[in-house]
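Colleague: Could you slot chain H onto chain A? The hints should help.
These are the residues of each chain, in order.
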Amino acid sequence: MSEPIADFAVIGSTPLARLLAGRLAGSHGRSVLYMGESQSSYRLPRGLDLSVAPITRPESWAMLRQGIGETVKLIGRIAGRGAWSHVDPLFFAGDPAAAEALGHMRHMALGFGIAAEPAAPTMPVAHRSGIVLRDALRLNRPIIEPALDQWLEREGVRRLASEGVTIAEDGSAVLQAGGARFEARQAILADHDAILAHLPPAQWPALLRRHPASCILTTPARPLPTPVMLEIQSGITLLQQNEGGIAAIGLQDMASFSGRIQLLLGRDRQVEQAGQTSFSALATSDGAPALGRVGTVGADVVAGMGMAGAFLAPALARWLCGEASPFEADWFGARLVSRAPHGPSVAEYAPHISGTAP
Amino acid sequence: MRPQLNRLDKDQAGSFSGSFIDRSRPLRFRLDGRLVSGFAGDSVLSAVMASGIDTLGTYRDVPIALGPSANPAIRLAGRADEPQHALPMARTPAIEGAEFVTCGIRRSNPLARLFLPGRTLGLELDEPHALDRPWRRLAGAPSASSDLVVIGGGVAGMEAALTAARAGLSVTLVEASAQLGGHSGLFGTQEGEDNPETDMARRRDAIAASDAITVLTHSHAYAIRTGLVRVHRVEVKEGKPQGSVLDLPARHIVLATGALERLPIFAGNRLPGVIGTSDAHALASRYGIWPGEAAILATGSNVAYRLAILASDAGIAIGRILDSRPNPSSRFIAFSRAYGMVQTPGAAPRSAGLIKAGGTLSVHTDQAGTEPMLTGRLLVCGGWQPDLTLWHLAGGRSRWHGRHHRIEAEGGLDGIALAGSAAGYFTRRGCIESGQDAVNALLGRPRAPVHDPVIDPIHESPDAPATITEPPEDAAPAFLDSGREFLQRPAPPPRSWTSIFRRHPPRSGLVALSEAPQPLAIGDVAAGVDLGLIPPDAAGIVAQERVALVPLLPPTATIPPPEDEAVAEPVPSYLEGRFGGDAVLVRVVPAEPRRLETGALIYRNSDAANPLQAVGVVLRPDGDAALALMHRHISRAGLPVSVRDQGRAIAARIESPEN
Chain A
1 MSEPIADFAV IGSTPLARLL AGRLAGSHGR SVLYMGESQS SYRLPRGLDL SVAPITRPES
61 WAMLRQGIGE TVKLIGRIAG RGAWSHVDPL FFAGDPAAAE ALGHMRHMAL GFGIAAEPAA
121 PTMPVAHRSG IVLRDALRLN RPIIEPALDQ WLEREGVRRL ASEGVTIAED GSAVLQAGGA
181 RFEARQAILA DHDAILAHLP PAQWPALLRR HPASCILTTP ARPLPTPVML EIQSGITLLQ
241 QNEGGIAAIG LQDMASFSGR IQLLLGRDRQ VEQAGQTSFS ALATSDGAPA LGRVGTVGAD
301 VVAGMGMAGA FLAPALARWL CGEASPFEAD WFGARLVSRA PHGPSVAEYA PHISGTAP
Chain H
1 MRPQLNRLDK DQAGSFSGSF IDRSRPLRFR LDGRLVSGFA GDSVLSAVMA SGIDTLGTYR
61 DVPIALGPSA NPAIRLAGRA DEPQHALPMA RTPAIEGAEF VTCGIRRSNP LARLFLPGRT
121 LGLELDEPHA LDRPWRRLAG APSASSDLVV IGGGVAGMEA ALTAARAGLS VTLVEASAQL
181 GGHSGLFGTQ EGEDNPETDM ARRRDAIAAS DAITVLTHSH AYAIRTGLVR VHRVEVKEGK
241 PQGSVLDLPA RHIVLATGAL ERLPIFAGNR LPGVIGTSDA HALASRYGIW PGEAAILATG
301 SNVAYRLAIL ASDAGIAIGR ILDSRPNPSS RFIAFSRAYG MVQTPGAAPR SAGLIKAGGT
361 LSVHTDQAGT EPMLTGRLLV CGGWQPDLTL WHLAGGRSRW HGRHHRIEAE GGLDGIALAG
421 SAAGYFTRRG CIESGQDAVN ALLGRPRAPV HDPVIDPIHE SPDAPATITE PPEDAAPAFL
481 DSGREFLQRP APPPRSWTSI FRRHPPRSGL VALSEAPQPL AIGDVAAGVD LGLIPPDAAG
541 IVAQERVALV PLLPPTATIP PPEDEAVAEP VPSYLEGRFG GDAVLVRVVP AEPRRLETGA
601 LIYRNSDAAN PLQAVGVVLR PDGDAALALM HRHISRAGLP VSVRDQGRAI AARIESPEN
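Going line by line, the protein sequences match chains A and H. Residue 1 is where the first sequence starts when you use my numbering, and the numbers rise one by one after that. Residue 1 is where the second sequence starts when you use my numbering, and the numbers rise one by one after that.
Looking at chain A on its own, in the form it has when it is part of the complex (with noise of 0.2 Å):
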């Protein structure tokens, strides 16, 4: 017997891609098929989800704001408490352009009503400059990724450990598992890795690049003056883990990367690794979001979110439903992944992505 067709193929193994699964399935009821691997109790971090973000538009600032206090409840509801931990992250600048740039994000975020302070002190070597942003959440990956998977359940979403993927020139999917078939009318790549893995080159989009990245633990070392650390102009972030090690991730390839943490952390830390990788990452031309269906008629794909996309996936899945609120679909309807390059600009500050051929 052949199984029906399902309206969504949502793939991707962050937190956003679960959610956006759940959402689609619980809020919408929109049949969804769910291929993700759970990684984060075994492997090295490539990411984090963090509740603010080095953003400088108003309307991005205003999207997140409002979907913080739903995807916390959300969260909350699904995982508990421990689902996060409240940090104070500290972005920081080491020259004349990122500088202003966290100008603009500090004073963004207090028009948003978070505590932005000045935070010279605290700051590594050769750096000018850098912002704490009070009480932001980090969403803690260990804990909510197996929550999720049981919540994916609860809401009818059917998770497949697929064999095979394959998306047609009209997004639709056909995934292999088990021996059987399963079809969707839409296929949602909905992290990087799943677009790089997926999304067919033919439909490759202009505005998408290929950036190699790493990350690198260290063995216990110094602690971090905060947990969560942004270095604006090159992206790279360090995350104190739990047990005393730092995890530093960023869009360089391992022999340049390693150097520059050692750099970042200073000759006062004894810094040994006990874990690296690396991987592909994407980033955006112009280090905007960029989602929608590729080439107008294509698979949905969600790239360029960021640290912060996971708490717009409740948006995202009603905007994917046609259900989005004026606003939400004003923010997602510019920054489409088929945007012209010369139409109204929605670029953030990302120096780190420019300049690398896709």
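Treat the hints with care, since some could be wrong.
So the derived label-pair ranges between C-beta atoms look like this [what the hints assert, rightly or not]:
no.: 1; chain 1: A; residue 1: F327; chain 2: H; residue 2: E655; range: 28 to 36 Å
no.: 2; chain 1: H; residue 1: S656; chain 2: A; residue 2: P118; range: 50 to 58 Å
no.: 3; chain 1: H; residue 1: S656; chain 2: A; residue 2: E37; range: 31 to 39 Å
no.: 4; chain 1: H; residue 1: D452; chain 2: A; residue 2: E153; range: 40 to 48 Å
no.: 5; chain 1: H; residue 1: G33; chain 2: A; residue 2: S280; range: 49 to 57 Å
no.: 6; chain 1: H; residue 1: G33; chain 2: A; residue 2: P223; range: 31 to 39 Å
no.: 7; chain 1: H; residue 1: G647; chain 2: A; residue 2: H28; range: 50 to 58 Å
no.: 8; chain 1: A; residue 1: P118; chain 2: H; residue 2: E569; range: 44 to 52 Å
Derived by calculation from the structure, the hints in this document are not laboratory data. Glycine is no exception: its CB is placed at the ideal position from the N, C-alpha and C atoms.
Modeller: Relative to chain A, chain H alone:
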């Protein structure tokens, strides 16, 4: 002076008399002020263990065994606590009259060293860097290039070195211990083979006679890339041990790093007195060390029975052999029965605990209704894992082999080949032939099939997976591996409310292996698979991802300097379109003398504070005013505006529109 309590009597020891030591040349040295006696040929570790020190220190108040797999760095007393002076305890020869101190121990009271209990080195292992190897932070000194570097002086490594020398290559053979030979002695012989000691001695002689082979003993390779190996070497110069870090360039590299013994997972699996069969055999056969006169074995591998036979020959009473396999068969099992040893099939330790007076272990099994067994020593064997550490460091791939219950290498690397047990071979013949094959593969010569004649499972039961037993409440911790990284088995949070009053409440362990701040040894990863913490499909990638990498930059690569300082653009791209497509630059002058901050938002009036309603933004200071980007339609000169800066509304006016 500490007597050599744990040294076997030479006349009764048989093959455990200690092939590395010269009992006619006694020596004495001090460690942390304690006088330790030994023999020429001892390492500092072996002399210390022979003297009855069997405890490394405590981890969350629980004593942890000292042994070849876990021991601290030391240095000569009086030398500064700097990386170049640190020496590995296991690779440093014992020297008459030397005074050593252990490195990096965090003691709350400096005088505590003088009052240490007799069996312990007193390390506080909760301190994450207690077993650091400081020389790993040093740069390597360039060394002469050779055609081939072979890492590992066991049977496969020696055969690879000899094969390469016969082919006209210059060879550097790197071995961590004091002599070549490896661990073949533990594994015995198969039909048609010489005994391992004879076989090794013949190869050692051939290597000594070869001008093409340079042997670096007391040398440990810990970093590698194609064309380069970094080793830490200990030599005795002018009567003093000295460490150095060498970079060995080579066109070809053979990794013959052998196999590591897995640790069965049960509570108390790293208490003093619990030791792996490989470590126990190495201490006994090389240094004549065997604490106590009786032991119990817990195994899922036939090799342990051979150790039991050798121990019995040396006068050790083997009280019982617990075998996790229900119906194991082996020629060694048949021999052990002939020796009168009692075997309990289908059994494994559930927990081990120390009975306080005297260091006796109490071993509980997983079989219902059995009384705990008391013993001075529990020998454990959880099977064998090819040591792929350097393979992974070099970028090699691997995968979990379900039938063999271990991680095995797959694919190839440019200029690097595996040989012997590291390559997955089981028999001595397989290891020897693979040593030849590795060299042939690297040189692009014709290759012959490697014969690895594993005995039919009907006669020799295959190894069982390392046993895992559920710990009783309040038991000692269970660790995943016996190495220097103390990775405790993740466990559910404690339920007892009384735990909050303890100095070290029983820790729930890691929530996830990804949170572990230490590198994961390959044994940790294999244990993670057995425990269901890592999917088998991901074992290879996790093992590669979590190996302790010391970056070796290629000759052309240097650490990039910090990027050039980017100069701010007049209107950055992230502000484009913010205030319409025809926004203009203006000078904004505050009504009070102050410096307006970059990013401060400009509103039509002081009541507005929603950034979505802002009509402009301060770009940067400009004299006593500020340069701002604003909507064109409100950029008239003299127009009053409000700048929200540092939490309050600042009255200002537009001075002049710019182009």
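Colleague: All hints, please: hold or fail.
Modeller: We went through each hint and held it up to the structure:
Range check, F327 (chain A) to E655 (chain H): about 35 Å between beta-carbon atoms, so the 28 to 36 Å window is met. Roughly 30 Å separates the CB atoms of S656 (chain H) and P118 (chain A), a value that falls outside the hinted 50 to 58 Å. The beta-carbon spacing between S656 (chain H) and E37 (chain A), approximately 59 Å, falls outside the hinted interval of 31 to 39 Å. Distance hint check for D452 (chain H) and E153 (chain A): the Cβ-Cβ separation is about 46 Å, which falls inside the suggested range of 40 to 48 Å.
For G33 (chain H) and S280 (chain A), the hinted distance range of 49 to 57 Å is satisfied, since their beta carbons lie about 56 Å from each other. The given range of 31 to 39 Å is respected by G33 (chain H) and P223 (chain A), whose C-beta atoms sit roughly 34 Å from each other. Here the CB-CB span from G647 (chain H) to H28 (chain A) is close to 41 Å, at odds with the stated 50 to 58 Å. At about 23 Å, the CB distance of P118 (chain A) to E569 (chain H) disagrees with the hint of 44 to 52 Å.
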